[in-house]
Amino acid sequence: MNNIIKIENVTKIYKNNLKALDNLSLDIHEGEIFGLLGPNGAGKSTLIHTICGILNFNEGKITVNNHDIIKDYRITRSLIGIVPQELNLEAFETVWDNVNYSRGLYGKSKNHQYIESLLKELSLWDKKDSKLRELSGGMKRRVLIAKALSHEPKILFLDEPTASVDVELRKDMWEVVKRLKKKGVTIILTTHYIEEIESIGDRVGIISDGKIILVDEKSRLINKLGQKILNIELSYKLDKIPENLESYNLEINDEGTILTYVYDTKGQKTGITSLLTELKNNNIQLKDISTKQSSLESIFLNLLKENKK
Amino acid sequence: MNWHGLLSIYLHEMDRMRRTLFQSIFSPIISTSLYFVVFGSAIGSRITEIDGVSYGSFIVPGMIMLTILTQSISNASFGIFFPKFTNTVYELLAAPLSSFEIILGFVGAAATKSLIIGCIIIATAGIFVDLHIEHPFIMLFFLVLTSITFALFGFMIGVWADNFEKLQLIPILIITPLVFLGGSFYSINMLPEFWQKVSLLNPVLYLVSGFRWSFYEIADVSIYTSLITILVFLFSCLGILIYSFAKGYKIKN
Chain A
1 MNNIIKIENV
11 TKIYKNNLKA
21 LDNLSLDIHE
31 GEIFGLLGPN
41 GAGKSTLIHT
51 ICGILNFNEG
61 KITVNNHDII
71 KDYRITRSLI
81 GIVPQELNLE
91 AFETVWDNVN
101 YSRGLYGKSK
111 NHQYIESLLK
121 ELSLWDKKDS
131 KLRELSGGMK
141 RRVLIAKALS
151 HEPKILFLDE
161 PTASVDVELR
171 KDMWEVVKRL
181 KKKGVTIILT
191 THYIEEIESI
201 GDRVGIISDG
211 KIILVDEKSR
221 LINKLGQKIL
231 NIELSYKLDK
241 IPENLESYNL
251 EINDEGTILT
261 YVYDTKGQKT
271 GITSLLTELK
281 NNNIQLKDIS
291 TKQSSLESIF
301 LNLLKENKK
Chain B
1001 MNWHGLLSIY
1011 LHEMDRMRRT
1021 LFQSIFSPII
1031 STSLYFVVFG
1041 SAIGSRITEI
1051 DGVSYGSFIV
1061 PGMIMLTILT
1071 QSISNASFGI
1081 FFPKFTNTVY
1091 ELLAAPLSSF
1101 EIILGFVGAA
1111 ATKSLIIGCI
1121 IIATAGIFVD
1131 LHIEHPFIML
1141 FFLVLTSITF
1151 ALFGFMIGVW
1161 ADNFEKLQLI
1171 PILIITPLVF
1181 LGGSFYSINM
1191 LPEFWQKVSL
1201 LNPVLYLVSG
1211 FRWSFYEIAD
1221 VSIYTSLITI
1231 LVFLFSCLGI
1241 LIYSFAKGYK
1251 IKN
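Heads up: the protein sequence lines correspond to chains A and B, in order. Numbered per the numbering used here, the first sequence finishes at 309, counting up by one with no gaps. Numbered per the numbering used here, the second sequence finishes at 1253, counting up by one with no gaps.
Just so you know, these hints were derived from the structure itself, not from any lab.
DSS-like cross-link-like pairs, simulated, lysine-lysine; straight-line CA separation at most 27 Å:
#, chain 1, residue 1, chain 2, residue 2
1, A, K61, B, K1247
2, A, K128, A, K183
3, B, K1247, A, K6
4, B, K1166, A, K15
5, A, K280, A, K269
6, A, K140, B, K1084
7, A, K19, B, K1247
8, A, K154, A, K182
9, A, K127, A, K140
10, A, K178, A, K128
11, A, K71, A, K61
12, A, K108, B, K1084
13, A, K211, A, K61
14, B, K1247, A, K71
15, A, K127, A, K171
16, A, K280, A, K237
17, B, K1084, A, K71
18, B, K1084, A, K19
19, A, K110, A, K128
20, A, K240, A, K280
21, A, K128, B, K1084
22, A, K15, B, K1084
23, A, K228, A, K280
24, B, K1247, A, K211
25, A, K15, B, K1247
26, A, K218, A, K154
27, A, K131, B, K1084
28, A, K127, B, K1084
Please read these numbers as outputs of a predicted model, since none were measured by experiment.
Just chain B, same shape as in the assembly (with noise of 0.2 Å):
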């Protein structure tokens, strides 16, 4: 294991976060901030509490999981984009390092960045809401898992784009809508029936799902299906980002 090339990767990525601080910490504190006063305050005073919980802190998990998620997908996307727009790719391609120690310096730097701005919204929402976390370790463990799952992912999207608009791509039409969908600012059961039936087909709902369920022990879905899902997925997305770099797809040829 090339250690010392892996943990250069990581702090070089890290340090992109310091050089663009306003960018990676406060923007999406601001923009969270104003989902609070929006949907929290203006909104959800007129909307009755859902399973005994006031309608603003039972979309603190939710919109949590919206900025994880676009986060980790971004940053993820963006630090190995990056690298290959300006060409200087060849370096890591050149270095000793396996497949595995490259994805995980990149995912691992752009999970700790989501994680860090998960932790600062929470601490964020403590101020617009009344904010319980009944299982604090569990929250955590959604909170890594989910963070490096979609970092996987977004490095995905970062290795398959060849241009800007296909790397915001599959953030906007696809991601965006599903974790929009998925429950986190309402209950599935709030929905008619046919229509909680189709958000079962979106795995987003099980995140938040999951991820509510440690704050206020409600959930839309198992607690176990909810993880299986992710570890599904996270697993998938590491196999297929191994196997690409091997063959060396949209990168090496």
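With the rest of the complex left out, here is chain A (with noise of 0.2 Å):
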């Protein structure tokens, strides 16, 4: 698979001497759409920022498309369309003169009819003659994805895109990134909604002091580091767990009428045999049985802890 960013050692000092990027390497596969995780401080925005030109850094290298992002910026950039976390737009224009301006500075010329169908896939037609400041938030982060893709970028950053909107809009916003994969976009993006990566991203970069603890494909992901939850419903209420079943390690509800069991699905013995062995030997009669995967978010989590310690 080609890589159509590939980051290479880089390392960001800021002036007061904060260390947001750390020998950093990561590669993104065209056409794919990446997750980046990471707590808030982690490095996310500065990696997106560095990679689209908008800050500098201090070793290492970034290509993209195989062009080196210093020495030949104007191709990269041109590739790259960028929506940023907060809602940065200036206040007295119109949404028309905005994207309009976006695709100037990317240096292609007027096309008013690319404009019009892009912002009418992102219901923002009837807006066009408003002035930025008169709109909601919601639809600030629709004109900011617009402007985002006023130059047909190959490349879209989207940094935090749902925070601070509506489910709708989160919801209208995903069929776009959806949309734009199929036309083959690299989209990579942060978010703090894990589920939303788990459900659209191809594959899961998680981030932490400005070091790469792990990227896989998401799906591989929580299979290999994910465990699995089993949960037990009783036919009556348990009052206490008892002492011979204290090795498995179960939680009970406060209504004492679920069992819960984590086991790990690496390991050559889950211990579903003999746990379902010593409830029936203590009399406990079962009314139903479910397995849950664990989510991307506790895999994170887990993560994060080990690599604290």
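Both chains are sitting in their own frames, so use the hints and assemble them into the complex.
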């Protein structure tokens, strides 16, 4: 698979000596949706801004479509669109003028037909003559996406695009992202809503303290690192977990009707058979059994915890 | 060269002038007219001719320079400060534009605005005094050169400033005194010898003097000295700006 972005040993140190990126290396595949996860201050936005040319970096090398982002900045930047985290827009311009202005900055000649279709796709067409300050937060977010797509980029960075956005807009936005992916656009997104990456991402990278601590395909990551949860619904209320079951680290809900057992899918023995046998030996009657894959969020939190150790 | 990008910045900045027409055009015209009424008519009628030119006419080049300098600086400094303040500067930095193109777009627009205002003031001056321009092309050349140079200087201030106070600091504390003490309203020959020598340290004197020469062929310093001074200032500002942008000074850090 072609790596459309190659980041090699990049270090970024801010003037206050904060090392935001620490010898970071990462490859982004062409056409994928890459989810970048990390806590606040991990270096997600710094990484995005560095690739886009908004920030200078101290060491390392970044190439976009095999072009160096410093030497061939005109080529690399024209391939990239960015939707920033904050709703930064001019106040007094109209939506139409502002989106066309963005297209012009990227060296593209006017294409009113394309901008019209873009605004329609983002449900902004009826607001095209509105001043930017008159728009709601959600609408402003749509304008930022329209601006980022105005020059038809091959790579789109979405820096927490769904922060403070209502459910409807969030759904609309992901529809746009899916359509872009179908068109072959590579999408790199950061979000705090891990379930979003879980539903649309192809690969996931976890960043902490300016370092990439793990990159893998989302499904493989879940399978590889994930634990499964076995929920056992009981036929009658259980006051206390019997002593001979303590080794299973079972948890019981407040009503005393559901036992939860967490097991590792990678392990040779999951312990399920012996647990069920023990339950039978203790005359505990079962009503239902279900299993659940642990979420990306729990994997993410576990990894961060391990990384801090 | 990203011509579309350059033109987009230029037109975007010019559009700001359209949106703030009163502030951009009418307010400098009104304040200049007030200068004419106060200095030209009221006080000027009591002052004798300077080098054969009536006082009202004598101050026209100085007043145009005063407006051009302040307008070029304020337009260019605000032009780049505003995107920094609203954080929309990311868009300029992420676009395939060189530092030179960004500077040219902003400075070009600021200089154009100043030129428009300068021309309107010349027309306004014609209403109040008997205006005669001996070398119109040299006058225009000085006007263009000064507008570009001080728009560059204003752009530098805009890059450096990180709050509104700093944005106003240099124009108020340095530029305005330099303009007033640079022979805008008098000939330095009217000063005692010591102050004449001190005045020669003021770069604005060379601009006003050269500009006045294009009107009436009277000058405090040689026209060539004026030209060299302004060109040195122009290329110094351009060099500093391109270097600062390349290093990301106050923008990329």
